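The numbering used here puts the first residue of the sequence shown at 1169, with every later residue one more than the last.
Note that these hints are calculated values from the structure, not bench results.
Hints may be right or wrong, so weigh each one.
[Stated by the list, open to error] Listed below are the simulated DSSO-like cross-link pairs for lysine-lysine, each with C-alpha atoms no more than 30 Å apart in a straight line: (1) Lys1423 <-> Lys1387; (2) Lys1387 <-> Lys1377; (3) Lys1377 <-> Lys1423.
Since we're looking at a predicted model, the values are computed, not measured.
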Amino acid sequence: MANNLDDLGVFVAVVKAKGFRRAARQLGLSPATVSETISRLEARLELRLLTRTTRAVTPTEAGEALARRVAPLLAEMEDSLHAARSQSGALHGRLVLNVPGAVMVDILPPLVEAFCALYPQVEIEIMVDDRMVDAVAAGCDAGIRYGEALAQDMIAVPIGPRRQQAALAAAPAYLAREGCPAHPRDLLHHACLRARFSSGALVPWTFEKEGEEIRLDPKARLIIGTGGSAALIGHAVAGLGVCLTFRNWLEPHFKAGHLVPVLPAWWEEFEGPYLYFYGRRPPAALRAFVDFLRAQPPVAGP
């Protein structure tokens, strides 16, 4: 019975993915294993369920009817098993996340702490990596990325604020000495403090106002890797120059008067981060974390 259910699950995944390779990636199996499973299911049922060509895999009439009936039953069964695990309070497992450093300042830590309190027997490992790597291909259960970096075949769940903003700031002493920019292009004549991704690329300086977008590449007086964002802000507080970073990181310094907002009308707003993963049958620990995130109230943006 268990093998039958597993085979049906693979079949439904192939129908939804419209191919063996994509389904295999979503299920964490090899394409050969997926193909063998479908052949075994077809032999057992004495029915041809899929039509295979070099360009596509499509269900036959019998296959489409089977998928339509089986898919909701499998989903309901998975939901029931998850509910039983949650009620028992005995969820075990390991959750490995690949995340950018940007979410480690004030977005992810409180969520992880609350999740650990709910599921004390789940082990969590967080790999901090600012490169645009495929977290699942890197051996992680899921990753966190911003919306523009997500592929269409990923399942994505919002985490943290739905909208964020890149803010420009400088110390009052610096602005008193060098003057306050009136337009983004004035920054080309200022001391700029910039961050560099681990890939080697500098974090772009992009501004927008009333439909006008400006992308600058100002000469940097100081460059620090994205993992040293706190140091970058500290140097701005010390008066070394103008820095561009997440607004939520700068707000405490604005309130304390250590930094002053620069060109706030030009600050770019963008979509907040998402937890992403492949496939609709995630491991128990990941499924619990996804459900936990979906239960969180929306976080206000800028």
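Each hint, compared with the structure:
Between Lys1423 and Lys1387 the alpha-carbon distance is near 29 Å, which keeps this suggested pair within the 30 Å criterion. For the hint pairing Lys1387 with Lys1377, the CA-to-CA distance comes to about 23 Å; that is within 30 Å, so the pair holds. Proposed proximity of Lys1377 and Lys1423 is supported: the alpha carbons are some 24 Å apart, at most 30 Å.
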